[in-house]
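J.: Spelled out from the first residue to the last, the chains are:
There are 2 protein chains.
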Amino acid sequence: MKPLIAIDWGTSSLRGARLSDQGAVLEERAFARGILTVPPGDFPAIFQQHFGAWMEPPDTLCLIAGMAGSRQGWIEAPYCPCPAGFDELAQRLAWVEPGRIAIVPGLNCEHAGVPDVMRGEETQVFGALKLLGVQDALLVLPGTHSKWVQVRGGRVEGFATLMTGEFYALLRRDSILARTMPADDGELHGAAFDAGVALALRDGGLLHHAFSVRSLALFDRLPAAQAPSYLSGLVIGDELRSRQLARDDPVVIVGTDALTQRYQRALSQCGVRAQCIGAQAMWRGLHEIALRLAA
Amino acid sequence: MKPLIAIDWGTSSLRGARLSDQGAVLEERAFARGILTVPPGDFPAIFQQHFGAWMEPPDTLCLIAGMAGSRQGWIEAPYCPCPAGFDELAQRLAWVEPGRIAIVPGLNCEHAGVPDVMRGEETQVFGALKLLGVQDALLVLPGTHSKWVQVRGGRVEGFATLMTGEFYALLRRDSILARTMPADDGELHGAAFDAGVALALRDGGLLHHAFSVRSLALFDRLPAAQAPSYLSGLVIGDELRSRQLARDDPVVIVGTDALTQRYQRALSQCGVRAQCIGAQAMWRGLHEIALRLAA
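Taken in sequence, the protein lines are chains A and B. Each residue of the first sequence is one higher than the one before, starting from 425 at the first, in our numbering. Each residue of the second sequence is one higher than the one before, starting from 425 at the first, in our numbering.
Since the hints were made in silico from the structure, they are not lab data. No incorrect hints appear here.
Pair ranges (Cβ atoms, derived):
1) B:Thr-461 to A:Val-558: 56 to 62 Å
2) B:Asp-445 to A:Pro-647: 48 to 54 Å
3) B:Leu-715 to A:Ser-692: 54 to 60 Å
4) B:His-535 to A:Pro-647: 18 to 24 Å
5) B:Gly-582 to A:Leu-612: 30 to 36 Å
6) B:Gln-668 to A:Pro-463: 46 to 52 Å
7) A:Leu-612 to B:Thr-461: 33 to 39 Å
Even glycine gets a Cβ: it sits at the ideal position worked out from N, Cα and C.
Excised from the complex, chain A in its bound form (with noise of 0.2 Å):
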């Protein structure tokens, strides 16, 4: 197998880690430049820049998840369309350098008419799969922009997009519930985030219990620095609300700790089981996406 350097190249960051022939982390870095901040045109200098001392050993592979295979990226990487699984992936790879530089593409479904897409999280959940060693699960990778992703043989069938962190980031910043707040949100207050998870799985929907923050700071029922953690949990607790979730399957939460485990207590809740992959799955997916290349 070649040399591989694995890139997380998303909106807003930029990752990298080179990495063993068994898919161990050899190196890591990690960079304010996601590709926003990148002109049309720039992409291969910064490459070159943060990564080109990685890419000297003449063989080697390196592959880019995320937003770089956007029209807004490196070079576009069309959407492959669900049912879609490691194959799919492997053989529709968009490379920017022949056998050298390749991103992967996002995944595409549609379901009740409407269009849904993802770029990058398709390699996460590749990569957990593999972590965990089954073929079949449904996934939440939480965010800005939440996944919930449907697997069965091995193959990404659909998946929804919601807006999650979009939603707690406007309220808790831009809407009139900020006015109650602290300016950070501070340490999580569980009793607080798991009240608002309960209000939240009640009949109502979140336009109306969002505005409990408000309406509870008015009658001092619900202390300032404990406000963020109550809308968190309003906010999560709808996205639960919203996927029907049955008792008995069990989710996978792959992403970073902070928001992982506020997923499992809020699952906990609903009283669905969670196991969760932390961000070495989005390294293990590109791993096994070079593995089936050298295949």
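Go by the hints and put chain B onto chain A.
T.: Okay, now just chain B, sitting in the frame of chain A:
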């Protein structure tokens, strides 16, 4: 009956009307002097400046509804708990000048352990009931914060606030969805609005459906000029879905033409009949309170 000056002093606007004994509007004025623009202590001067001339006949009565009665207003008019009717409002007026200038209290209610509040809408609700000659109704007052109000036997039994207008503004202006929308909303595109309502009425939830503004645009299936109408349909549709309306329960919509027409259109898509009442509901409500005082 004394000469009556009716004032609607809200967060962002100040409107006043000189009413006849029968409640007809003799003269109307509007100023961009919502309570957010008034420094503490300046309420008497602002009032005098804009309505002093109208108050000159010494027996003139002025009734004020809206946020002027909040903690950040002229004087605080404590919330009146539901169920509440005209009599409770008239009994609990907060008098700025005894017998001369009074502020109508807002209402509060409690549902599932969570309080809710309104200020100003209670007066519009009672005015609408008088205009319609009914004692029982389900009303919606659309706006930044929509209010759904259940009235039985002439008394407000309970109500719910939905942050529909504010969610729309946040998504329209500050979210990733703004990137594929024109600067101005422009005219309402009826078909796009209806498509938004239709999707919102399906399973999935607003956190998910909102993303369709972006995904449809990515595949050139939603023209930019239609996106604001589509988003408006999504948000209003989500509001209606969460209210779980019965088809044979007609709804009274109280508000400005632009908004009441959208709600009527969306309600008709749900198979729910609706009747619209304009801004005169506020003046009628204040006039009715004055009648009680005179009785």
